[in-house]
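Novice: Chains as they are written, first to last, in numbering that gives the first Met the number 0: chain B, 0 to 219; chain V, 0 to 219.
Any given hint might turn out to be false.
No copy is singled out in the list; a pair is fine if it fits within one copy or between any two copies.
As the list claims (entries may be wrong) - Distance condition first, Cα-Cα at most 16 Å in a straight line; then the derived EDC-like pairs of lysine to aspartate or glutamate: (1) K38 to E106; (2) K147 to D21; (3) K147 to D66.
These are computed hints drawn from the structure, not numbers from a lab.
Listed below, chain by chain, are the residues.
Protein chains: 2
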Amino acid sequence: MDNHILPILRQCPLFRQIEPGDIPSMLQCLSAVKKGYRKGETVFSAGSAITHVGIVLTGRVHVEQNDYWGNRTILTQVGPAELFGEAFSCAGIEKLPVNVYAAEPSEILLIDYRKIIRSCSSACPFHAKLIQNMLWILAQKNVALTQKMETLTQRTTRDKLLAYLSRQAQAQGSSQFEIPFSRQELADYLSVDRSAMSSELSKMQKEGLLQFQKNRFSLL
Amino acid sequence: MDNHILPILRQCPLFRQIEPGDIPSMLQCLSAVKKGYRKGETVFSAGSAITHVGIVLTGRVHVEQNDYWGNRTILTQVGPAELFGEAFSCAGIEKLPVNVYAAEPSEILLIDYRKIIRSCSSACPFHAKLIQNMLWILAQKNVALTQKMETLTQRTTRDKLLAYLSRQAQAQGSSQFEIPFSRQELADYLSVDRSAMSSELSKMQKEGLLQFQKNRFSLL
DNA sequence: ATTATTCTGTTGTTTTTACAACAAGGAGAA
DNA sequence: TTCTCCTTGTTGTAAAAACAACAGAATAAT
Numbered sequence: 000m001d002n003h004i005l006p007i008l009r010q011c012p013l014f015r016q017i018e019p020g021d022i023p024s025m026l027q028c029l030s031a032v033k034k035g036y037r038k039g040e041t042v043f044s045a046g047s048a049i050t051h052v053g054i055v056l057t058g059r060v061h062v063e064q065n066d067y068w069g070n071r072t073i074l075t076q077v078g079p080a081e082l083f084g085e086a087f088s089c090a091g092i093e094k095l096p097v098n099v100y101a102a103e104p105s106e107i108l109l110i111d112y113r114k115i116i117r118s119c120s121s122a123c124p125f126h127a128k129l130i131q132n133m134l135w136i137l138a139q140k141n142v143a144l145t146q147k148m149e150t151l152t153q154r155t156t157r158d159k160l161l162a163y164l165s166r167q168a169q170a171q172g173s174s175q176f177e178i179p180f181s182r183q184e185l186a187d188y189l190s191v192d193r194s195a196m197s198s199e200l201s202k203m204q205k206e207g208l209l210q211f212q213k214n215r216f217s218l219l
Numbered sequence: 000m001d002n003h004i005l006p007i008l009r010q011c012p013l014f015r016q017i018e019p020g021d022i023p024s025m026l027q028c029l030s031a032v033k034k035g036y037r038k039g040e041t042v043f044s045a046g047s048a049i050t051h052v053g054i055v056l057t058g059r060v061h062v063e064q065n066d067y068w069g070n071r072t073i074l075t076q077v078g079p080a081e082l083f084g085e086a087f088s089c090a091g092i093e094k095l096p097v098n099v100y101a102a103e104p105s106e107i108l109l110i111d112y113r114k115i116i117r118s119c120s121s122a123c124p125f126h127a128k129l130i131q132n133m134l135w136i137l138a139q140k141n142v143a144l145t146q147k148m149e150t151l152t153q154r155t156t157r158d159k160l161l162a163y164l165s166r167q168a169q170a171q172g173s174s175q176f177e178i179p180f181s182r183q184e185l186a187d188y189l190s191v192d193r194s195a196m197s198s199e200l201s202k203m204q205k206e207g208l209l210q211f212q213k214n215r216f217s218l219l
């Protein structure tokens with residue numbers, strides 16, 4: 000396993016409060032495998048069995064849902080040192096209900112989920128910590144989903160935008176910030192029409208509510 | 000602790016794969032407390048510190064979110080043997096971002112969250128199982144939130160209704176089923192206008208898509 | 001039984017969105 | 001550079017939702 004991934008894994012919540020020096024041997028124990036993906040390439044596809052958890056090393060992936068009628072929604076974006084797929088594996092879902100694909104060229108670390116929650120042997124002291132960390136990660140995701148719901152429950156496109164943008168400002172600690180989505184992606188994330196959203200953004204800029212150039216926004 | 004609650008707790012996912020006979024002593028160990036609530040009474044209120052997890056014994060509670068502008072949204076309904084509040088306690092959220100109130104007269108079992116995840120002593124063999132169960136519960140909630148998102152991302156009221164109703168039918172294993180919401184509650188759950196929703200339901204009935212009387216629906 | 005209150009359905013008006021079609025700008029490839 | 005493709009903004013139209021106001025039904029209270 001390359002050494003350049005260790006600094007990333009130290010940031011990963013799965014390895015929280017674990018000695019960085021212990022990580023390499025844990026990766027062995029977990030049979031972790033690194034894989035590279037091109038932009039747009041599928042990491043997990045809907046309908047398939049889910050046995051692995053992914054950790055983004057570089058790049059970013061999107062978790063998307065496609066409903067009956069082919070409407071696509073971006074559920075979450077996952078960036079470096081973050082996990083994806085853990086909820087579905089842990090809940091024992093047999094068929095994955097979502098697609099995961101690389102939003103840009105990405106390196107992903109894949110870990111068999113069962114190796115995380117089942118002790119490899121009673122002598123391995125790491126698993127207790129791993130499970131505790133997994134508990135925290137799942138709870139955090141839960142809270143994040145609840146927060147996303149706050150934007151989705153807004154009735155108008157404008158209110159959805161404001162809810163999303165003000166959360167981004169809060170999360171990045173500044174009224175100036177960059178968003179990790181293109182316009183189409185943002186529309187898919189907020190479940191609104193792209194052109195209507197674009198026009199609403201222009202209106203809001205004219206009204207002096209905010210400013211933007213490309214992906215850089217500032218709230219006023 | 001009354002005996003009539005034991006059959007309920009046996010169904011509770013927190014005590015999954017735990018000998019029913021062991022539950023009473025575990026409740027002692029967890030310092031579980033039973034409380035009664037009248038209809039509409041607050042169980043947890045937004046802004047307060049969250050230290051306890053709730054288990055519904057009888058009745059049902061609603062978890063609701065109130066945004067800046069006073070719009071109310073019902074995030075989830077929690078029925079007998081189900082937990083609530085576990086994500087926020089586990090994620091270490093200091094101030095609760097939601098309200099929890101009894102939707103009807105309810106009995107709730109309150110458990111200090113820290114007693115669940117921290118071993119009372121290394122001799123207590125139950126905690127490992129409790130933590131495993133908590134992992135599963137959090138993952139399940141995650142999946143449930145993802146599913147709810149599928150209804151919220153529908154653009155039209157009709158599609159939201161169809162997404163919700165067909166999931167209910169699926170969950171209850173029959174095209175005839177009862178929903179646990181009044182019209183106003185359902186509208187708050189789906190984030191739509193009540194009167195528009197009511198009128199849409201009537202239209203759908205006229206078109207032969209479904210039938211309903213009070214809370215009993217059947218999809219056709 | 002009677003009254004009051006809540007719940008549900010209905011209708012009309014205004015606002016907002018989705019949809020479609022198009023033009024300008026930018027990025028990347030040949 | 002030139003060409004192509006992709007992204008973004010713009011505008012007009014049709015569809016849908018939000019809102020408001022009201023009437024009848026169901027429920028609870030006296």
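Novice: Determine for every hint whether it applies to the structure shown.
Specialist: Taking the hints in turn, this is what the structure says about them:
no. : hint        : verdict
1   : K38 to E106 : within (11 Å within a copy, 52 Å between copies)
2   : K147 to D21 : neither (35 Å within a copy, 39 Å between copies)
3   : K147 to D66 : between (18 Å within a copy, 12 Å between copies)
When each numbered hint is compared with the structure, a violation occurs for hint 2 only.
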